[in-house]
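Chains A and B, in that order, give the protein sequences.
Using my numbering, the first residue of the first sequence is number -10, and each one after it goes up by one.
Using my numbering, the first residue of the second sequence is number 4, and each one after it goes up by one.
You may find that some hints are simply not true.
What the hints assert, rightly or not - As a list, the in silico DSS-like pairs of lysine-lysine whose alpha-carbon atoms are at most 27 Å apart: (1) B/K589 / B/K607; (2) A/K316 / A/K186; (3) B/K589 / A/K27; (4) B/K607 / A/K27; (5) A/K263 / B/K505; (6) B/K519 / A/K281; (7) A/K306 / A/K149; (8) B/K589 / B/K227; (9) A/K26 / B/K227; (10) A/K215 / A/K263; (11) A/K254 / A/K58; (12) A/K116 / B/K589; (13) B/K99 / B/K505; (14) A/K58 / A/K258; (15) B/K607 / A/K107; (16) A/K11 / B/K548; (17) B/K589 / A/K26; (18) B/K505 / A/K258; (19) A/K180 / A/K281; (20) B/K607 / A/K116; (21) A/K11 / B/K545; (22) A/K215 / A/K116; (23) B/K545 / A/K26; (24) A/K11 / B/K51; (25) B/K51 / A/K58; (26) B/K505 / A/K56; (27) A/K31 / A/K107.
Hints are computed from structural coordinates only; laboratory data are not their basis.
Keep in mind the model is a prediction, meaning the values are calculated, not measured.
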Amino acid sequence: MQTFFIVAILLLGFLITFQIAKASEYVSVLRGEDAAKKNTNKVNAFLLLAFLILGLIGVYYCNERLKGKILGESASVQGVFIDNMLWITLGVTGFVFLITQIALFWFSYKYQASDTRKTYYYPHNNKLEVIWTVIPAIALSVLVGFGLFYWFKITGEAPKDAMIVEVTGKQFGWEFRYPGRDGILGKKYYKNIDPAKNNPVGQIWDDVANHDDIFVEQEMHIVVNKPVHLIIGSKDVIHDVGLAHFRMKMDAVPGTPTTMWFTPKFTTKQMQEKTGNPNFVYELSCDQMCGKGHTGMRGVVVVDTQEEFDRWLASKKPQYYAAFPDKDPTKPKTDTTATTGASAMSTQMKTRN
Amino acid sequence: MSMSEEMHIQPEITTTHEVHHNEHHVHHHKETFITKYIFSQDHKTIGKQFLITGIVWAIIGGLFSVLFRLQLGYPNQNFPILETVFGHWAEGGQIKPEFYYALITMHGTVLVFFVLTAGLSGTFANILIPLQVGARDMAAPLLNMLSYWFFFSASVVMLSSLFISTGPAAGGWTVYPPLSALHQASIGSQLGMDLWIVSMALFVVSSLLGGLNYISTVLNLRTKGMSMTRLPLPIWAMFFTAVLGVLSFPVLLSGLILLLFDRNLGTSFYLSDIVVNGQILPNEGGSAILFQHLFWFLGHPEVYIILLPAMGMVSEILSVNARKPIFGYMAMLGSLFAIAILSFLVWAHHMFVTGLNPFLGSIFVLLTLLIAVPSAIKVFNWLTTLWRGNIRFTPGMLFAIGFVSLFISGGLTGIFLGNSTLDIHLHDTMFVVAHFHIVMGVASFFGMFAGVYHWFPKMFGRYLNTTLGYIHFWVTMVGAYLIFWPMHYEGLAGMPRRYLDKSSWVSFSQFGDLDKMITIVSIIVFAMQLMFVFNFFYSIFKGRKVTTQNPWGANTLEWTTPIRPGHGNWEGEIPEVHRWPYDYAKDGREFIPQTEPVGANESKH
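The following block holds chain B by itself, in its conformation from the complex (with noise of 0.2 Å):
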């Protein structure tokens, strides 16, 4: 931080700044189609890539759910179009078991860790920290480039096991030994399972790489001026999240390791006393528990690794279309603090039904319910931002007040599941399910859906048709809301999550109706979902045109660039920054760019 201050102080280093941009300006010519697209160090182009990776993905594990969905909303119909398309696994046109429970694990993993880690903080920490904070570029753009690369053989790797024999994993995306470490337990337990652990080991590496560049070019590359008060929250947030990925990813690897050694070497970790199809194993001493400990060490970090950038972009986008400065800068700051300590806290709450002793429960529910303080504190920030603004509903305002919305139900869920008593009756049911949809899933993908609106414009120098996205908002809130809503009741019925088919069970087959209903809004919502990549795809090449350097009249520093930036950002020097990025509204202009110096006359606040 130091180093980069007096850098700027410096005025010959400033010349090298100048000279440093010629070199690149030159070097823009000769780029050929390789460097420029595919094997890219330039931030703005790896985080696009991150991003259509991310879509892919998105529609292959979108595309599941409406599968198991179609299972779970009419169990006992054929639909033949599937045998078609899978073969064997949906033999007369219904789904297999087998199959069933491969879709859900491969649904879980794609989207928690390929769609809204990479595809959503991968996205938004490449392209917005070096805009946001006055960079060229990261502070390693050659490791930068190779975590998506990572992150790309991760896929590559994911995606083969889907067409092998034996089918993907299918334990779940927890993927719990010693059913995951059991070759004969579960048929996804077989290759599957391997190719799973060595795609995860692959994932965790980019995660890595990308991680440390975000957290150095935090620290080290901002521009002149740009103390860190003055970064715009979404930095901030994804700041903390990459600081929770470098501490957590190590951990699941480890466990992902030992759980490599349990499967092929004979090794004792998580297994004991097992007799499996009849077969009586020779492993002693081990402890299942172990692996969930290790899982949600990393496990519980990452929800928020998920939704530590969504709330900062959503921070953003509320200020700049409220029109109005961010309520409680420090207290936002403070309060992603808290949640990222206390995100290390709290991962037992997932195991409070697994003989955990009660009085380490006790701590956990304390630590657990804790969470919720910081969470309020940022729910009524959001609330008092809108409260006297002048609001412009852009999509992307709509998707960030959407986010807000969607934070409160799925938060206030949380507080029934944090707490052990309660857990104890709605553990591992749809209840759980609901919540963290709407929490986690949803809640991040509108967050993530704000960002892309807001920011295609500096991504593509286009817009996105905004009709199109407002029909996008309102099909996907209202589907949301009626997809995980009711599912709630399930779970007070205690009806188990991972069930297949209800109608043999006197408990939970009461809920046929609501089952179906839930599966036609879940088909609509994802077609929308395609609507959205194809008006992305279609606004790329045939968008309408950005002509203004600063089409939302926002502060930050990436709106100074200009309207189609190349490798490193600016063509002069880097801006320099004078103020806090939330000035609008001030002194009765409408917004104050960051850039500009504080006035003589001008009000403090």
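Just chain A, same shape as in the assembly (with noise of 0.2 Å):
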């Protein structure tokens, strides 16, 4: 019922709209079209500088109503640097937008038609051309200069002792590895991926390094003011580890690793208190389209202080463990007569076989 009255409204404007027109233009024709013109004339040339002025007073209220919506406070130190980038850009921008716009629209009144102006031929200056190419040409330098000072810093080698996390997207979720004691992801071959068997990233179990790795889901823990470097990946599409509060993104593309590295600024909780708001978590969106499930592809990053973040990981237990229950220490054996891990491996390959 209401899709069908604004489908009526609609039409009946569209209606009264038409007439409208076609009977100016019939009054128009009757009263001498010239008088007509210059009139229709003054009132567009008007309208021209009020759309200028409620635009700029638009452009200021849209600024007040929205910009408490946006981001606070960078919440990575890497973060900075870009929203120090965003001002400078702004500054320069908003400062060329104001004088362009009030030009065209203030030149648009100003010389509208009139039977008294005489036109001013003027069909070339080279020196204006000179002038409006070379301050362009400096003040995008400067953009770049400044854009590739802070890309470089933001771009470069992660500090040697970051920490190091693996990030996996998939179809529609987020799996994160971390190294363990060693400090080292073991080695994994995407052919090994089998989550029915406990190994949901194709680990080979074959490499030592990879006994302590630990498996996590959806969230990933990060340790406050310690450099994290994310070695980022795919299984199927392209997905894309979008952290809009640290201003850091990727994508994550299947066959080509990619990395990025950040320093946190604050933990989870500190930023519950700067926002005033209890519920808040950092979360990792998917920012490359995936597919249908793309606008739920979401992770939670929770960054901790140290203690918080070591006995978090003291937790969990290394995957080597869920797909080899019983190389675990901590699990009584059951069967005297356990398979060995070597075993356990070419029986996996017989069943892929």
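Two chains, two frames, a set of hints: combine them into the complex.
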């Protein structure tokens, strides 16, 4: 019913507007076209000026309404660079925006057709052209300069002491792997991926570096003020690790690992206090369209203090023990004739073949 | 170029023109409905065919945007009518995610390629090039006709993909593999995707046939005295557009053919290390990023393929209606050339966060921001053209002014995105959506509307209803800013694009009211465009008749043809050109047509 009304109202508005338009054309013919044209010219010139003024007020109003809804202070050290760059760019472009828009609409209003005005024949002036080639070029060089200065700081080598986390995207969720005590992520091969055998990222169990790697889903824990180096991949289509509060983003590409690193500045708890929102969490959004579940491809990033993080990590068991429960030293052995890791591997191979 | 000049120097060749023309005249009377309106080789008719097909596509593509705006503005509301029309795609009156992604994919594809490429440059290159350079038709009228019919068949294939059970392509208009390559990854990556590729292949053929024709016509068929530097700016713009298309569309085609192989023949150009739906694929060694390089090697010039014709037409319309020469003709030309060259060297700015080498990224930052320089030159020249003019606000002129305003707004946000540092945060957010809709979508539409209002009298011998034109302009102008200006804030908050429901997110759910407002405004703006379409078709048959040959008092050659020119355009000889096209307000005269010889006492500029 509601849709019917909307359609009916639109149609009616349509008809009325058309009738007015048709009538006004007849009227203009009756009143003498020249007079009518002069009149509409004045009206439109005035409207252009009004559009400029109301538009600028609108820009201000829009900013007042929405500035509180965009992100607050950056939650990472690198994000501060990006915010600085944003302000610099906003300053330069905002200035150009104002002068060019004001000139455009003001000239349109001021030089509206008039019988008394003598148009100025002014086909070119090379000096002016040079001025407005050189000035934008300088302004843009400044922007490029700042931009690249920050860009190389952000994309440069991760610090040696950075904590490593592997992030894997899949339709439609996130998986994380921590290197464990040895600090090394074990090798993996995508054909080993088999969630039924507790091997969701395809770790190669022959590689001992894998034996202490810890696997978690959907929630990534990192440590405040400690650089974190993400090794990013994907199992199926291209995803993107988007961390709006940290101002970071990197595609997850199947077959081609990518990396990014950043240093979180505030723990999740601090952010909850800062934003006054007890439900605040850092979210990991998929920013590259990946299929029907794209909108819901949400992960959570928890920024802990070092102690909190250590406690959390200690509560997790290496994935190796999930794949081979018998190897788990903390678990009492139920079967004394347990198969060895190697023979378990070979059965795994057989089942796949 | 030299050939055509030689031809004109020899008087006997001119007689050939005469004979040729008479032939045409005879031919004219024998024309049937089919040869005149359907399989026509007349560039004017082909231009109109492109325009009308473009309009039909614009309605479809625009309607799709209204549908997904409904979802975005009212994510939890049911619209039973949607289920009535779309069946299981909108079960319970709510758009399903699969359908949502199909809608945005088709909206993008249709508007970028079918409306703003074929509908815009196909229309105006066809109508304006022969008329403004002084030619009886295109260099190869048959190929020109084929160009339209390849476009038409591309349209048929794309349209048919909307009606198959698995639906059309749904991987976004950029169709990045592996999503678009894997049947298992998305329902839209099944038959719909193959049809998409076939349709785009036909489209590329159409674009090449058209483009080669435009280039050869501009180079070879200019009338006597029409040197390259006397060409009106729309012709220069169409010329560069055609060159861009000819050089970049084949790269897209090659990329799509490899995609077709990956989809159906088991090759691994773009595929590697994939486990999809629990199935381990054998493909190894391909690169998903390779496709993005191939795609954006077309994709970025494509932005300028869309924008340059609008720039050219706006330059012409601003000058005619300000009754003042375009300021800095050579600078305008130089900046068009610079934009055309640079547009080939910036494609990777779409790929800053794909894992691209940061050093390579920095080169692309430099080249991308370099494009802002010729763009700035153009803006300042347009502003100076208005300065101390005597401006007539026809609907075409208003749209031209609107174009400049939108081009400034959207161009400046490009400086944010082209800078890789900021792109890390803004990439693939609503900021990008707002940016390219303003600068490429709405601005180019404004250029197109300006062109339609300005040249409608030439196309159909009648005027569009002017009052409706003014209403159309004001609603669209205000609406465009209302829709896209606040959208930048969503992007600054990091809200990713292509999210159909933000309510489950802590970080992006704060813009509900804004999304509602945008939806309502976009419905109004869409309704306004329907009114324009109505005005368009109504005026073809019932519009006020044009009674003078040169209603706008313009200098260019198209206004020296009869009010309703036949095939061959000029009844007698093709006029000779003696001056550049922008002698407005010179020596106290309002305008001096290009055909008027330079007087002995005339001042030099």
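Okay, the hints, checked on the actual structure:
| no. | hint | in the structure |
| --- | --- | --- |
| 1 | B/K589 / B/K607 | holds, 9 Å |
| 2 | A/K316 / A/K186 | holds, 15 Å |
| 3 | B/K589 / A/K27 | holds, 23 Å |
| 4 | B/K607 / A/K27 | violated, 32 Å |
| 5 | A/K263 / B/K505 | holds, 23 Å |
| 6 | B/K519 / A/K281 | holds, 23 Å |
| 7 | A/K306 / A/K149 | holds, 26 Å |
| 8 | B/K589 / B/K227 | holds, 23 Å |
| 9 | A/K26 / B/K227 | violated, 37 Å |
| 10 | A/K215 / A/K263 | holds, 20 Å |
| 11 | A/K254 / A/K58 | holds, 21 Å |
| 12 | A/K116 / B/K589 | holds, 21 Å |
| 13 | B/K99 / B/K505 | holds, 15 Å |
| 14 | A/K58 / A/K258 | holds, 20 Å |
| 15 | B/K607 / A/K107 | holds, 19 Å |
| 16 | A/K11 / B/K548 | holds, 14 Å |
| 17 | B/K589 / A/K26 | holds, 24 Å |
| 18 | B/K505 / A/K258 | holds, 23 Å |
| 19 | A/K180 / A/K281 | holds, 25 Å |
| 20 | B/K607 / A/K116 | holds, 18 Å |
| 21 | A/K11 / B/K545 | holds, 11 Å |
| 22 | A/K215 / A/K116 | violated, 54 Å |
| 23 | B/K545 / A/K26 | holds, 21 Å |
| 24 | A/K11 / B/K51 | holds, 25 Å |
| 25 | B/K51 / A/K58 | violated, 47 Å |
| 26 | B/K505 / A/K56 | holds, 19 Å |
| 27 | A/K31 / A/K107 | holds, 18 Å |
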